[in-house]
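Asks: In order, the protein sequences belong to chains A and B.
Be aware that the first sequence starts at 744, since it is given in the numbering used here, and climbs by one per residue.
Be aware that the second sequence starts at 392, since it is given in the numbering used here, and climbs by one per residue.
Hints were generated in silico from the structure; no laboratory data involved.
Since the structure is predicted, the reported quantities are computational estimates derived from the model, not experimental observations.
Beta carbons: idealized from backbone N, C-alpha and C, even for Gly.
Keep in mind that a hint or two might mislead.
[Unchecked claim] Covered, in the sense of this in silico footprint (three residues per stretch, anywhere, with C-beta under 8 angstroms from a C-beta of chain B), are these stretches of chain A:
(1) 826-839
(2) 879-885
(3) 954-963
(4) 990-999
[As the list claims (entries may be wrong)] Some chain A residues flagged as far from chain B (calculated, every beta-carbon gap over 12 angstroms):
(5) Leu-748
(6) Gln-775
(7) Asn-807
(8) Gly-842
(9) Gly-867
(10) Thr-869
(11) Leu-891
(12) Glu-894
[Claimed, not checked] Computed Cβ-Cβ distance ranges for the label pairs, DEER-style:
(13) Lys-747(B) to Lys-772(A): 35 to 41 angstroms
(14) Glu-766(A) to Glu-670(B): 27 to 33 angstroms
(15) Lys-784(A) to Val-814(B): 39 to 45 angstroms
(16) Glu-1012(A) to Val-814(B): 28 to 34 angstroms
(17) Lys-772(A) to Glu-704(B): 47 to 53 angstroms
(18) Arg-809(B) to Ser-903(A): 54 to 60 angstroms
(19) Lys-784(A) to Lys-403(B): 45 to 51 angstroms
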Amino acid sequence: MYEVLKNMELAPKIRLFEVYAPEMAEKAKPGQFVIVIIDEKGERIPLTLAGYDAENGTITFVFNEVGKTTKQLGILREGDSIWNITGPLGNPSEIRNFGRVLCVAGGVMIAPMLLQVKALREAGNTIVTAIGARIEELLFFEEEVKALSHEFYVATDDGSKSYKGLDFLRQILAKKKFDRCVSMGPVVMMKNVSEITKPFGIPTVVTLTPIMVDGMGMCGVCRVTVGGKMMFGCVDGPEFDGHQVDFDGLIKRQRMFLPEERLSALLWELQGGCECGRKQA
Amino acid sequence: MAESKPKPKIKKESVPILKQKPEDRRRNFNEVALGYTEEQTLEEASRCLQCPKPQCIQGCPVEIEIPAFIKLLREGQYEEAIAKIKEKNSLPAICGRVCPQEEQCQKFCVVGKVGEPISIGRLERFLADWERDRGFAMPKKPPATGKSVAVIGAGPAGLTVAADLAKLGHKVVIFEALHLPGGVLVYGIPEFRLPKKIVQAEVDYIQKLGAELKLGYLIGRTYTIPELLKERGFDAAFIGTGAGLPAFMNVPGENLGGIYSASEFLIRVNLMKSYAFPEYDTPIRIGKHVVVIGGGNVAMDSARSALRLGAEEVCIVYRRSREELPARREEVENAEEEGIICKFLATPTRFIGDEKGWVRQMECICMELGAPDDSGRRRPVPVKGSEFIMDTDTAVVAIGRSPNPIIQRTTGGLEVTRRGTIVAEENGKTSLEGVYAGGDIVTGEATVISAMGAGKKAAKAIHEYLTKKPFA
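Please put together the full structure from these sequences, using the hints given.
Replies: Structure below.
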């Protein structure tokens, strides 16, 4: 059992959890993830780490309340427990002084990107960051990311704040030489970023979050084609060369269980699962 | 009183086991084989010749004294009989169900030379179930030795090592990466062959012996082996992490929706209980036309699970012929009785999907058997131009599993083979001091009982290592 120490809303339907897990906190590194099982009947879902604090024994992750499990997580109160968490899993990010690094993050993945930016900055890199969301209201951590970046940009899908879409990145890349690009976010966004950086020849690392069950190499549901070869997101990743990933194949695989996921969430809501009074907490 | 000793008459047929009827069981996950009643057990036990030079024991990887336990059983001394088994085997309810006895003890049974061998596994199962129903007798706890052992993996090998070392008074901590203990017994073998409550009961027993169980610890990530030994104060470690990495065929279309590795399919169904979705959160989708590729027990388990999940038609596609099927004959018979179709001498060449990325058809090519290969079996060779198409909306790839690489990648100095298995001596000793290994991680994919046999040997070696004196 893992105690929830903090449950905070960062933006509508986006929540940050701080959980007491001292052994994981001591071991975690940027780029790794954990598998969370909420209770005995729960599914195993992977969540990218957004922080860890060895001193206080905590790990942090941020998620979107979209499916049954994440909605059910969302209503947990501080002091409640999560049945099982396994981690840290996956290979840690490569962190060293690359030179000038472009960091592009979208949606909930802005949170783990903050961790990347911190580590890359500490390693001596010059950091240019772009964060984005569908609409302005879904942005968070702007100030925190900005404070660690040498240059900072914001984009929204609808243009409700700052740049509309990611096309502006081309101008940034045209002006200065970049040594690396790190991208975390929705698959479509990472595909887009990889297409933008490719003509500039910038090595681009994307963090994949495919469907997983065990998260440690056993089931193969997270398989993705990279450079024509079959890779497992969990043990070979989660970071891969964005110029080699078959994003279209990945998008299809991520949608595999959509009808079941919708049914599960709907039934849970109909049974009153979401009425447990999170606001009163 | 008889005047002269009557010549023993051997009953040639063993007592048949009761099973759920095929038409019933094909749609439920309840156990198929119902086990012997007490009366049937005694009748079957009475067939044993109590050979002065028993042959059966050599077939048992953990060397259970089979005639001795059968004698006690016949005399009605059930408690002593199960204790006799447990001297060598801590997981009898499991072995009584899933051991391939026909290849092991029963293969050597002398009665088997004139008729059907004694059904040793069914006798073992009866005693184990009898004991579980009335509550386990606990062996006396020995004094603590002050030594501690980290056991990595709560599968058949790890559980055996843990039980044996705990019984000797060592402190044992089992690190299991998944959220439930049992390894392949819970994620691989289906409920209808091995009810999960039986696995849980045997694990409870091992915990009562004093072993501590830590779930959700992936060694290699949370702690590495060197950290366990140097920083966490363990005196020795045993690696029993099994063969968990699924193999794929590398044919076009294999990433389409609806195509599962057998591991994924069985993990969803067994470990995550997706047959009870949406009560349990993990979904699984089964189409009308299910194909399972492969011919081992895992293929049979997958096919029979698919049927129970509501498939209209389940077809096993195997590249060799019936004679080469690696699955237990009993399981093949069970599968066919339930209506599963076996298509021999064919192998997939590609999968064809729809616009949504979901599998719709599988193209196969016919095979014929050529000259024998390294395994001694005749090698299947494709027949040119013999391609055919099968309607397929779910496919399960059950062509084998390889060792999980995480520990090998994170343990410096640990000698590993080209296939990714850990190099270990007969007693489990690896290239690192105090580190032992056994089961599928050393041999590649094999059986539950062979992993337990390796666990036995390793436990003995670890005890000797810890006490620097030979095993009593």
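Asks: All hints are to be evaluated individually against the structure, with a verdict given for each.
Replies: Hints, verified against the model:
1. With a cut-off of 8 angstroms between beta carbons, the region 826-839 of chain A has 7 residues touching chain B; three or more are needed, and the interface restraint holds.
2. Given as covered by chain B, the region 879-885 of chain A fails the check, having 0 residues with a CB less than 8 angstroms from a CB of that chain where 3 are the minimum.
3. Counting residues of the region 954-963 of chain A whose CB lies closer than 8 angstroms to any CB of chain B gives 7, so the stated coverage by that chain holds, three being the minimum.
4. For the region 990-999 of chain A, the proposed coverage by chain B is satisfied: 5 residues have a C-beta within less than 8 angstroms of a C-beta in that chain, meeting the threshold of three.
5. For Leu-748(A), the requirement that its beta carbon stay farther than 12 angstroms from each beta carbon of chain B is met, with the minimum near 18 angstroms.
6. Distance to chain B contradicts Gln-775(A) as a non-interface residue, since its nearest Cβ pair spans about 8 angstroms, not more than 12 angstroms.
7. Every CB of chain B lies more than 12 angstroms from the CB of Asn-807(A), the least distance being 17 angstroms, so the non-interface label holds.
8. With 12 angstroms as the threshold on Cβ separation, the claim that Gly-842(A) sits away from chain B holds: the shortest Cβ distance comes to roughly 29 angstroms.
9. Distance check for Gly-867(A) against chain B: the nearest CB is about 27 angstroms away, which clears 12 angstroms, and the non-interface claim stands.
10. Every beta carbon of chain B lies more than 12 angstroms from that of Thr-869(A), the smallest distance being close to 32 angstroms; the non-interface claim holds.
11. Remark: the non-interface label on Leu-891(A) is consistent with the geometry, its nearest Cβ contact in chain B lying 27 angstroms away (cut-off 12 angstroms).
12. For Glu-894(A), the condition that its CB be more than 12 angstroms from all CB atoms of chain B holds, with the nearest at approximately 35 angstroms.
13. Against the hinted window of 35 to 41 angstroms, the Cβ-Cβ separation of Lys-747(B) and Lys-772(A) comes to about 37 angstroms, which satisfies the hint.
14. For Glu-766(A) paired with Glu-670(B), a C-beta distance near 32 angstroms keeps the hint of 27 to 33 angstroms intact.
15. Under the hint 39 to 45 angstroms, the C-beta atoms of Lys-784(A) and Val-814(B), about 41 angstroms apart, fit the expected range.
16. Range check, Glu-1012(A) to Val-814(B): about 54 angstroms between beta-carbon atoms, so the 28 to 34 angstroms window is missed.
17. Here the CB-CB span from Lys-772(A) to Glu-704(B) is close to 48 angstroms, well matched to the stated 47 to 53 angstroms.
18. Separation of Arg-809(B) from Ser-903(A) is about 56 angstroms and conforms to the stated range, judged on CB atoms against 54 to 60 angstroms.
19. The beta-carbon spacing between Lys-784(A) and Lys-403(B), approximately 50 angstroms, falls within the hinted interval of 45 to 51 angstroms.
Against the hints set out earlier in the document, violations occur for numbers 2, 6, 16.
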